[in-house]
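Colleague: Chain residues, written in single-letter form:
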Amino acid sequence: MTTPALKVTNLSVWFENGSSRLTVVDQISFSINAGDATGLVGESGCGKTMTAMAILGLLPESGVNVRSDGIEINGRDISTLNTGQRRAVLGRDIAMIFQQPATALDPVFTMGQQISAVYRRHTGGSKQQARKSMLQALESVGFSDADDIAASYPHELSGGMRQLAMIAMATVCKPAVIIADEPTTALDNSTRALILEQLKHLRKLHRTAILFISHDLAVVRQICRDVMVMYCGRLMEKTDCQSLFAHARHPYSAGLLSCIPQISDTQPPPIKSIPGQIPAPADLPLGCHFAPRCNRAEAQCRTSIPQLDCDNGTGAACFRPL
Amino acid sequence: MIRDTWKKLKSDRYGMTGLIVVMIFAMIALLVWSGLLGQGWSDVTGNRFEGVSSKHLFGTNLLGQDILQRTLFGTATAFEVGLVVTVSSTLLGTVLGGLAGWYAHGWLDEIILWLKGVLDSIPFYLFAAAVAFALQGSPWAMHLAMIVTFWTTTARIIRGEVMRIKQREFIEAARAIGLPGLKTVFRHVLPNTVHVLLVQGTIVFVAAINTEVILSFLGLGIQDGVSWGLMLAESSQEVLAGHFGNFFAAGASLFLLLMGFNLLADALQDALDTRRALI
Amino acid sequence: MNGAYLTRRLLYGIPLVLGVTFISFLLMVYFGPDKTYELIGKNPTAEQITEVRHALGYDRPFLLRYGEYLRELITLDLGISDSNGEPVSSILIRTLPVSIALVVPGFVLGNLFGLGLGLLAAWYRGKWLDKLVMSASVVGMSISFLVIIIGLQILLCTPYGLNMFPVRGWQVHDPGSYFYYVAVPTLALVLVTLGYNTRFYRAIMADEIERDHIRTLRAYGARPTELLFKHVLKNSLIPILTRIMFSVPFVLISGSLLLESYFGIPGVGLVTFNAITSGDQPILKAVVGLTGVLFVLALTINDILYGVVDPRVTKGVTTS
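Protein chains in written order, with our numbering: chain A, 1 to 322; chain B, 1 to 279; chain C, 1 to 320.
Treat the hints loosely; a few may be bogus.
Claimed, not checked - 25 angstroms max Cα-Cα, derived PhoX-like pairs, lysine-lysine:
1) Lys-200/A x Lys-174/A
2) Lys-132/A x Lys-7/A
3) Lys-127/C x Lys-7/B
4) Lys-131/C x Lys-10/B
5) Lys-127/C x Lys-127/A
6) Lys-132/A x Lys-230/C
7) Lys-132/A x Lys-204/A
8) Lys-200/A x Lys-132/A
9) Lys-127/C x Lys-230/C
10) Lys-7/A x Lys-127/A
11) Lys-10/B x Lys-127/C
12) Lys-7/A x Lys-200/A
13) Lys-131/C x Lys-127/A
14) Lys-204/A x Lys-127/A
15) Lys-204/A x Lys-174/A
16) Lys-7/B x Lys-131/C
17) Lys-132/A x Lys-174/A
Said to hold, decoys possible - One side only, chain C facing chain B, incomplete, derived with CB under 7 angstroms:
18) Ile-143
19) Ser-236
20) Val-288
21) Phe-295
Calculated directly from the structure, the hints in this document are not laboratory data. Where is the CB? At the ideal position from N, CA and C, for every residue including glycine.
Throw the hints in and build the complete structure from the sequences for me.
Modeller: Here you go:
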């Protein structure tokens, strides 16, 4: 069995407010192999971005508690690194692509400067080497006019171009893992397709493992082989995309799928939604988080926490899966 | 929103301390105005430069006047200057800023902006001197000079706020119903700016007192009565000879009042900052 | 950075300069002291009065006199001081360097320390260091300039304190004596401005540190020093520059006014102060007019610098 590119074991993130504890991410475990893309899907506020931040170690030290039994990149546990060692890892072995490239990029430096800076920071090469790698990275994401892009400031580029440039920045050091946090949410459909193509290309070319975070199942399906559904800080279902779309086993996943509007020639069906509301982090129900909104819930669901039955890493955290 | 603000304010220890300090000084000022305190500020009741004694708690000054009495009266002067300048410049700034913001980029706005630029560019103390000349040394020259230059900051803030609020939906709704422009401004826009005005008001008050001190030192300040500024001006020579009464009395009072205001202003700003949660 | 932008900024300055000079003229000259009687002496006849008034130009129409004032300013034909007969321009040439030498160290240090402390406080936001710096700032802001000056004098210049520095004066002929005379005023200036500067810079930096692109930098392993000094500072340059540019005229004029009149240093401030108390019109006219122009110049240069520092500005993209 090969070492997975990214392996997260029992990751938790919580806030402590006096005597009470707000758990935002609850014992998440998963692994992604090199060259694979796994989606992390869930509604806003379910803890997806927190998970990403916790993996990178970017959460502030005071006020937030992070704990895990291991965050491994190619077998090396980065959760136990000190600050200096971690800084060496960030951007070189694992890189992140953010949702809003307009604000995520520094407005007073050119794209070239920013990407070269990342390269030099981790490789310590000369300026010429850095420039070469930077231009290569830009070309590899599809820019035919890499020189022009390198000389441009973020505000001079369109949304799609900015995101592509961001991808270039993420890949210039050829990391083993890329976390993409809603990379296409802020873009229109045509640019979205472009970005997704690039990510697929990356996967194949550099055998990069991709953790693709999104609230949009339809987008995840286009690029990921596996998918994880998250709700209120816990993973509800973990399986491959085909299986999920064919037959979701967790009631929540099924609910999400049914919400995707279908284009039809006849009268458009009413837009469905999952009844009830997402509970606030301070009011999480005991037992299964989804129980209050589930029409298959029984007594057991309200008192005990269903675990993901790990039948080769897939399964649904449910006492009564579909 | 007022209740939330008050709650937040109460929980801020520094802010409450500031508020209490300011209230104490305000009380003193009130008492002086109503004739119950500090009335003997100009009476010569002792020998020159008497030290601290039970008869003269802060000692006496060059002329034998009781420093404590003068300090108390100075409180009233400080508040008088502060209030007059703050209220007037805030009113002026609000009206002009409101007009400028409402008619943003129009001719009225350009004129008001130009006026602001001009007034901001004139060195203040020279302006105060010029006004004093023009008014032939009237005691209100100082206030006038301050009002005419202090309104600009308030106006800038109000203009920004009005421009911001103007874009919000409920104003559009009001206009859609056909409410006349100016009326909309006063009924809906301005009440939303009160919080900013309050903070700015405290800042202006502090600036006014500070300015009076320096103006009095330059001889352009208070002409009748006594103020901490005058006392400090007197003390500048006295301390070289070892008489620290005036200096400590006026210096300490000034420091306490200003500190109180600054703490209050900070706390107000924090309390009114709706972006931050009440954690 | 294009020519159109430049000319636009320069043109904006003109109405401002006109406004400033107009008000200066109005206050200083028009409402100013009427010198007629001073020059004539006792029991003037009606003829003598009209004669003198004519010589002084009082009987000329308003706009003409304003025009003359403008001309005088532009050509720097500033007349002759009333108090000692020295030409105003030579007075200015003599005293301006002194004022600059007096004020610059304090100004520079006050801003440098303010920047440094503000950066520190913003980086450790919420921790004890931040609270310490902010508390100290509030205290600093609450002490009046005058109190600081007098206090420092007591502490450093009198036998009641350390008595290391002079109470007044300015006999500067070498770096040693320069330090001797400039030390206390500089200290006073730094102490007064430090509180305000620190708070201001801290607010700006704290805002900047919260921004998304700083988070991106962290996600790519940037070290704190690089973050702070390369990225946070550069992005904050605009408000920083604005503040510095705007405070230069203020500090130069007001700071020198007080410091010089207090420490007896023969700079522009002292000259102005004396002019105020003695009503020396030519000097006041010149100083007010010129400082007004200086302010407008500062404003314009500031706008131009915006364009240099932030590439978004000249291209017409609105910043936030």
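Colleague: Take the hints in turn and mark each one as holding or not.
Modeller: Quick rundown of the hints versus the structure:
{"no.": "1", "hint": "Lys-200/A x Lys-174/A", "in the structure": "15 angstroms, holds"}
{"no.": "2", "hint": "Lys-132/A x Lys-7/A", "in the structure": "32 angstroms, violated"}
{"no.": "3", "hint": "Lys-127/C x Lys-7/B", "in the structure": "24 angstroms, holds"}
{"no.": "4", "hint": "Lys-131/C x Lys-10/B", "in the structure": "19 angstroms, holds"}
{"no.": "5", "hint": "Lys-127/C x Lys-127/A", "in the structure": "38 angstroms, violated"}
{"no.": "6", "hint": "Lys-132/A x Lys-230/C", "in the structure": "23 angstroms, holds"}
{"no.": "7", "hint": "Lys-132/A x Lys-204/A", "in the structure": "22 angstroms, holds"}
{"no.": "8", "hint": "Lys-200/A x Lys-132/A", "in the structure": "24 angstroms, holds"}
{"no.": "9", "hint": "Lys-127/C x Lys-230/C", "in the structure": "23 angstroms, holds"}
{"no.": "10", "hint": "Lys-7/A x Lys-127/A", "in the structure": "35 angstroms, violated"}
{"no.": "11", "hint": "Lys-10/B x Lys-127/C", "in the structure": "22 angstroms, holds"}
{"no.": "12", "hint": "Lys-7/A x Lys-200/A", "in the structure": "21 angstroms, holds"}
{"no.": "13", "hint": "Lys-131/C x Lys-127/A", "in the structure": "41 angstroms, violated"}
{"no.": "14", "hint": "Lys-204/A x Lys-127/A", "in the structure": "29 angstroms, violated"}
{"no.": "15", "hint": "Lys-204/A x Lys-174/A", "in the structure": "13 angstroms, holds"}
{"no.": "16", "hint": "Lys-7/B x Lys-131/C", "in the structure": "22 angstroms, holds"}
{"no.": "17", "hint": "Lys-132/A x Lys-174/A", "in the structure": "14 angstroms, holds"}
{"no.": "18", "hint": "Ile-143", "in the structure": "6 angstroms, holds"}
{"no.": "19", "hint": "Ser-236", "in the structure": "20 angstroms, violated"}
{"no.": "20", "hint": "Val-288", "in the structure": "5 angstroms, holds"}
{"no.": "21", "hint": "Phe-295", "in the structure": "3 angstroms, holds"}
The structure is inconsistent with the numbered hints 2, 5, 10, 13, 14 and 19, although it conforms to all the rest.
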